[in-house]
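Visitor: Respectively, the protein sequence lines represent chains A and B.
Counting from 24, one number per residue, gives the positions in the first sequence under our numbering.
Counting from 3, one number per residue, gives the positions in the second sequence under our numbering.
Hints are supplied without guarantee of correctness; some may be wrong.
Straight-line alpha carbon distances no greater than 25 Å define the calculated DMTMM-like cross-link-like pairs of lysine to aspartate or glutamate that follow [said to hold, decoys possible]:
no.	chain 1	residue 1	chain 2	residue 2
1	A	Lys161	B	Glu130
2	A	Lys528	B	Glu76
3	B	Lys169	A	Asp568
4	A	Lys86	B	Glu76
Please keep in mind that the hints were generated in silico from the structure rather than gathered at the bench.
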Amino acid sequence: MTKTATNEPVLAADGTPLKRSLARALRVQKMRALALIAPLLIFVMISFIIPIGDMLFRSVENKIVENTLPYTVDELSRWDGTGTELPPEPVYRDMYFDLFLAAELKRHTRLGSRLNYEASGMSSLFRQAGRKLDDPGKDAVKLLKSIDPVWGERDTYYTLFNAAAGDAVNQDLLAAQQSRIRWLADETPTGEMAFAPSQNVSDLLPLAARVYTSSAVITGMIENKDVAKSKPMESLYLALLQDVTRPGFQDDLAAYDGPQKDALTALANAGLSAPNYSAIFADIDENWADIETWRVIQTHSGEFTNGYFLNAIDMQKTPDGPAVQPENKRVLIQLFIRTLIMSLTIMGSCILLGYPIAWILSNVPTRQANMLMILVLLPFWTSLLVRTSAWKVMLQQQGVINDVLVWVGLVADDARLVMINNQFGTIVAMTHILLPFMILPMYSVMQTINPSYLRAAKSLGATNWTAFWRVYFPQSIPGIGAGSILVFILSIGYYITPEIVGGTKGVFISNRIAYHISSSLNWGLAAALGTILLAVVLGLYWCYDKIVGIDNVKLG
Amino acid sequence: MKLTKTLMATTALTAMAGMASAEVKELTVVSWGGAYTASQQNAYHLPYTEKTGVTIINDDSSAEAVAKLRAMNEAGNVTWDVVDVVAADAIRLCDEGLALEIDPDTMLADAPDGTKASEDFGDLLVSECYIPQIVYSTTFGYRTDMVGDTPPSNVCDVFDLEAYPGKRSLEKRPINNMEWALLCDGVAKDEVYDVLATPEGQDQALAKLDTIKDQVIWWSAGADTPQLLADGEIVMGSTYNGRLFSVIEEQKQPVAMLWDAQVFDIDGWIIPTGLSPERQQAALDYIMFATDTQRLADQAAYISYGPARKSSAPLVGKHAELGIEMAPHMPTDPENAKNTFLYNYEFWADYRDDIDAKFQAWLAK
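For reference, chain A alone in the conformation it holds in the complex:
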């Protein structure tokens, strides 16, 4: 390397180094090639890779808890969830203010739905709490007003928390509240707001300043109303009570020299006590005083979670680590295994049925082959739902096949065969639907097999069977491989046919994925199930490549 570097570079005709000149010429070619595939590449990226990546990412994403309850999660992380003690008062305090803001923006119920996947009852617990959090605030403002009537006026709060001209502004507080609300409200707080939190007051009354600022961001920057004239959130009054009773407030107040000092002094001297948040919550619902509720919140508070993946393999995330689901809730692994076994069965029956047809197709004169080909393709031109429903008519107990069997006398009228709403029904219907995907690749491979090989084998003394098994069959394997991969991969993700004819034992994992996407809205679990399914297919593909070799697959 060093040696070549010291040598004089070879120059092209125009005097530039040959290497650079060549690279430039190649780059143009590469760019042209890239430009040609760009439309497809962009299309695939936008319509396939990005959405699927986004969906799969949901299987580990769990920002909702931390974003909805940021201060609670922080406080809760210091609580020992494995003990028998309920969380300390600060956890309840932060929960009150976090939940109040979330309820103001109607996001508490969304969190309730999320946590309800982990523990029944969370949904209504959060919904009810959202309705009842206002009341303690109303009691608090009454108390404040009884000490000094100015606490009932909106302007008092505005002049107290707003930084007057020349005062230091607490930019950190403002930015933090804006980013919180941006997430909660699903929109960026924009617009001009005639409010900026004063640094002095936010040092003196940290909690109340935070609550007032978040309230101001909502009214001023999202609802575009005048902050000074708007009613602040009711939680402000509780926050004020909290701040004026905090240790050290008296000393800080003595050093304070800003608006409403007299009114604050009146509060400080009124002998108030801090609000009892755990009592407030216990009053809303007894489950807030249940240690299990808090364990669930703590366990599922991380920004990322393996909980969905654990659920997908019949386990659950608990405070003590991953644990197996109770026996009466285990179903998903069984469904995965069933999906694999049934897909293999369908693939096998497609090979058995498809191979002779493909052989006939490739060995009869062209005219007849075309005729037969239309028969193979005909199902392709019929709606999937029609074909599946037709199987229902054929297979049901009062259906065509049973009627014929009873009429012939093979089956007694009161002992009609059960051929649908079970695995048999799914296998029959799906084999029929997927058969063309097996026949077509087999046919195109068999067409290329030179018939003189067979004749040569026979002329050398091979029996029909030996000639087929030793000469013809090995040459047709690439077709079987291609057909098998197609049928297997299609059937492993099949949804509508098992849903219609599968009953209870003939359904696939995809039916559960569909349920979680469209009914339970547990998209995290659906994404985890989908990711596992994808991984299994890729794993099987890898095995296939190792054992058979992917070069050995031909579509023609």
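Please build the complex by placing chain B on the supplied structure of chain A, with the hints as guidance.
Guide: Just chain B now, kept in the frame of chain A:
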């Protein structure tokens, strides 16, 4: 949230000065399709178009409405104006912040006698976002030619394989089935949900269902049971009462209703969040019209579901084509409603995920 979105949109629109004010000329109304959408078309859409000139586009996507609305909301492009959903879905959508909150007294029409909408709808306003439309019930129908001389009269006959041998169809989900199982296992009606909230109660219900599991065909589409009854595949099966009405009265099949322990449920409208102010206003205007007393009563001329307003009940007349009195076919008719069961939305909002997992595990066994 709704308000904030609206205000944002208003600001954005004001900013686009010079643009012609977008007058809404069409509304996309999402419903269940089939006879149900047809009844809405006749009772609501056509009169509304005649009155206002606004065209209604029907979209039969209610079955996937919750998932689709969530996806639309995430993409920031809501293309539906009014969506017909069952109450449980409305609660879910409201919880997720995907449905607009409705103040019945200002956004819905008063009854002709001046009664406020909130009172006229009464208990049926099960969610802040929901505008009820009809009361329907999930109940059983049976083949009159397959039950001998003593037709079933009690919901527990569904669990009686000796008196009524043969297959029966039940919906492939725990809701309703668990309640019926407990009722027939000796649990008092008003204790059903207390029992079902406990793991032992859930096991008890599944154990009761176990006694008929081999003889059950599980349905997932409302049309399944009517079809199975018409084919003679089953002796009895649960479905929506309107479906059974059409099997009995329109198709004249040998089927009869077993109204006992019918489970009342509500179907109604929600307006998605994230609409532009004009479209939201147009949707509200449509809702105001389509859920007034006369319109709700009109719908009953096309399908046998009871109007959700108390004031509509006396106005229910004859079927538009068959010419038969509709009142006796309503789930709310006193003769049919002798023994009814009230579906507990809040319970299922809480327990659906848990019980469904157990139910599915039980089904797969």
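Visitor: State for each hint whether it applies.
Guide: Hints, verified against the model:
Between Lys161 (chain A) and Glu130 (chain B) the alpha-carbon distance is near 22 Å, which keeps this suggested pair within the 25 Å criterion. The straight-line distance between the Cα atoms of Lys528 (chain A) and Glu76 (chain B) is roughly 35 Å, outside the 25 Å bound, and the hint therefore fails. For the proposed pair Lys169 (chain B) and Asp568 (chain A), the alpha carbon gap of about 47 Å is over 25 Å, so the pair is violated. Between Lys86 (chain A) and Glu76 (chain B), the direct Cα distance comes to roughly 15 Å. Compliance with the 25 Å bound is thereby established for this hinted pair.
In terms of the numbered hints stated before, the structure departs from hints 2, 3, listed from lowest to highest.
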